[in-house]
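Chemist: With the hints as constraints, model all of the structure from the sequences given.
Below are the chains, spelled out letter by letter.
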Amino acid sequence: MTGTFLGALVLAALAAVPLLSPPDYLMHLLITALLTALAGTGWAMMGRFGLVSFGHGAFLGVAAYTMALLWNEAGLTPWLGIPIGMAVAVAAGVLLGYPAFRLRVVGHYFALVTLAAGEIVRILIVALREHTGGSLGMTPAKAPDGGAFLAMQFDKAGFWWIALLAWAGGLVAWRMLDRSMSSKALAAIAEDEDAAASIGIRVTAEKLKVTVISVALAALAGALTAQYRQYLNPESLAGLGISLQIVFGAIAGGMYVPFGPTIGALITIGLEEGLRIFFGTELTGAAPLVYGLLLVLFMLYLPRGIAGLFERRAKRSPAAKPAPVTA
Amino acid sequence: MDPFFLEALVNGILLGGVFALPALGLNLVFGVVDVVWLCYAELVMVGMYAVWFLHTQAGWPLWLAFAACLPVVALLGLLLHLLVVRPLLNSPPINQVLATGGVLFVLQGAATLVFSTEFRSLGVDMPPMEVGEVFVSGTKLAAFVAALTGAGILWAFLKFTYVGTAIRAIARDREVMPLMGVDPQRIYLIASAVGGALAGLAACLLVVQLDVHPFVGLSFGPITFMICVMGGLGNMLGGFLAAFLMGLIISVGGFWGTTEFSYVVAFAFFILVMFLRPKGLFAR
Chain A
0 MTGTFLGALV
10 LAALAAVPLL
20 SPPDYLMHLL
30 ITALLTALAG
40 TGWAMMGRFG
50 LVSFGHGAFL
60 GVAAYTMALL
70 WNEAGLTPWL
80 GIPIGMAVAV
90 AAGVLLGYPA
100 FRLRVVGHYF
110 ALVTLAAGEI
120 VRILIVALRE
130 HTGGSLGMTP
140 AKAPDGGAFL
150 AMQFDKAGFW
160 WIALLAWAGG
170 LVAWRMLDRS
180 MSSKALAAIA
190 EDEDAAASIG
200 IRVTAEKLKV
210 TVISVALAAL
220 AGALTAQYRQ
230 YLNPESLAGL
240 GISLQIVFGA
250 IAGGMYVPFG
260 PTIGALITIG
270 LEEGLRIFFG
280 TELTGAAPLV
290 YGLLLVLFML
300 YLPRGIAGLF
310 ERRAKRSPAA
320 KPAPVTA
Chain B
0 MDPFFLEALV
10 NGILLGGVFA
20 LPALGLNLVF
30 GVVDVVWLCY
40 AELVMVGMYA
50 VWFLHTQAGW
60 PLWLAFAACL
70 PVVALLGLLL
80 HLLVVRPLLN
90 SPPINQVLAT
100 GGVLFVLQGA
110 ATLVFSTEFR
120 SLGVDMPPME
130 VGEVFVSGTK
140 LAAFVAALTG
150 AGILWAFLKF
160 TYVGTAIRAI
170 ARDREVMPLM
180 GVDPQRIYLI
190 ASAVGGALAG
200 LAACLLVVQL
210 DVHPFVGLSF
220 GPITFMICVM
230 GGLGNMLGGF
240 LAAFLMGLII
250 SVGGFWGTTE
260 FSYVVAFAFF
270 ILVMFLRPKG
280 LFAR
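From first to last, the protein sequence lines stand for chains A and B.
Taking numbering that gives the first Met the number 0, the leading residue of the first sequence gets 0, the next gets one more, and so forth.
Taking numbering that gives the first Met the number 0, the leading residue of the second sequence gets 0, the next gets one more, and so forth.
Careful, some of the hints might be misleading.
Computed beta-carbon distance windows for the label pairs [to be verified]:
1) B/Q208 to A/G273: 37 to 43 Å
2) B/R85 to A/Y255: 21 to 27 Å
3) B/L271 to A/L299: 48 to 54 Å
Below, simulated BS3-like cross-link-like pairs (lysine-lysine); rule was C-alpha separation at most 30 Å, straight line [as the list claims (entries may be wrong)]:
4) A/K141 to A/K155
5) A/K208 to B/K278
6) B/K278 to B/K158
7) A/K208 to A/K183
8) A/K183 to B/K278
Some, not all, of what chain B presents toward chain A, calculated at C-beta under 7 Å [to be verified]:
9) P2
10) L81
11) V83
12) P86
13) V228
Read the hints as simulated data drawn from the structure, not as lab findings.
Quick caveat, the model's predicted, so the values are computed rather than measured.
Every residue, glycine too, gets a C-beta built ideally from N, C-alpha and C.
Modeler: Shown next as structure tokens:
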């Protein structure tokens, strides 16, 4: 109960941020960080149970392009377009996930199947260039006068609130999953699928459930990101590059605790901007170089991410439970 | 038969030859070390830059640049194993894959810093040859022959040398071989170097066909992984055959539709194969 109260308090405090009228640039970074965090949270929902997807970028893209195309070509408001986009992405996820889980495509094979799926979406977006603008990307049509609300084209403050709600929704979903039997079942499946099945855990159903949640969150993040930027392109919304970046954020922050992916998003956004300011735009290569190096170092020395540092400390105190429990 | 269709078939086989080399290298490393090098295509990219730099900037003759490319990438493979893979040998597989994914970013970033994002072309081309009614690109044919030669040398190395036998044995049974007096660490090192050298050879073949830029790996990396998985991870013969299958699908698909759709078909085919034969087309 106190946890819920504290959460609401923090949320209210964060919601008040635009009232301090921070500089636009800072708001931009914060919004981007929240949306990145949401995508990472979605990915980690599966990732922490050993379902490592290298194709999550695709779900961002499916939802974002569905939403933008519905707006541009049918005039459907993104308020409806986003849920529809999420539904389409979830359908794609189930379409891929069901046979994969049923036929026990696991481990490396699962990672590579999702990688292929991500690439298919990226290439499809490029190939359908008459509608999507191909590699050049597309912009949602400008709202008519007075229609900004319907077009979901807000100023920074408006997007801050939307992103905040979506991000909080992701954390709530995480918490609810953690409190359900499903998280125990999934942990058992991650340990040993055969053993889990033998004690009556419905492996395919449990995996599908977490996939649906994970894809829905990633899809929401993708649609909102596109809507916030008012620009969509295949490289930043589908394919291996963005998928690996999502993974990196979640891993760096720590994928076993709810705030891990958010810490990761702050790190990646901070790093990217820091490098850009420090080195200037001509040294664009520096950012992936540092990312990659950090990813390797994290895997070598801190595989549970930044959040893993705190976990270890918590474990030492006698009252703490060994498993990462949400606060 | 329609000569254009025939040409698509021939091109598919030639393309398969180019895919075959990186697929062999990846499968060799996976089969022996049991780690997926997610950055394999980026090793090839470094090799392509090495050839481009040595030939057009340092003015080396092409054959010398090619010859230098192999040890350079082999060394890179060694370093990758020593610095990244070896410390993670006892980690969960996913940590290993992610670490090599980090190396992917490192290599892309380093290439951008050093060479910028500009597309670099070697500017070498061989005249097309006419065989019957079909025109065959000279560069592609040469690359194909070189790929087959490389695969043949690898086969002979694995089949007839002591080290090759040890490599095959350790791929078969990781637990027993150390008891037979084979030092697995040494074998891992050798396999990584050979895997690197194969990436170097693939780089030589690709650099004459593609312009090199820091993200060139993304254009053939995913397909290489799919080929390996389709043939069965670690199954070298399977990967080799799957490379030609994939080459044919892409080429023939491109004959009926656009190139992009041919890739979509190829990837969809891959997903289908995964569902029908999760351990690969040629799983025993």
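Chemist: With reference to the structure, classify each hint as holding or not holding.
Modeler: Each hint, compared with the structure:
1. B/Q208 to A/G273: 37 to 43 Å: Holds, since B/Q208 and A/G273 (Cβ atoms, about 39 Å apart) stay within the stated range.
2. B/R85 to A/Y255: 21 to 27 Å: 25 Å, holds
3. B/L271 to A/L299: 48 to 54 Å: The hint (48 to 54 Å, Cβ to Cβ) is violated, given that B/L271 and A/L299 are roughly 37 Å apart.
4. A/K141 to A/K155: 16 Å, holds
5. A/K208 to B/K278: 25 Å, holds
6. B/K278 to B/K158: Satisfied, since the Cα-Cα distance of roughly 25 Å is no more than 30 Å.
7. A/K208 to A/K183: Since the Cα atoms of A/K208 and A/K183 sit roughly 13 Å apart, the hinted pair holds (cutoff 30 Å).
8. A/K183 to B/K278: Roughly 28 Å between the alpha carbons, so the hint for A/K183 and B/K278 holds.
9. P2: 27 Å, violated
10. L81: 12 Å, violated
11. V83: Since chain A brings a Cβ to about 6 Å from B/V83, closer than 7 Å, the hint holds.
12. P86: Holds, about 6 Å.
13. V228: Where the cut-off is 7 Å and the nearest Cβ of chain A is about 5 Å from B/V228, the hint holds.
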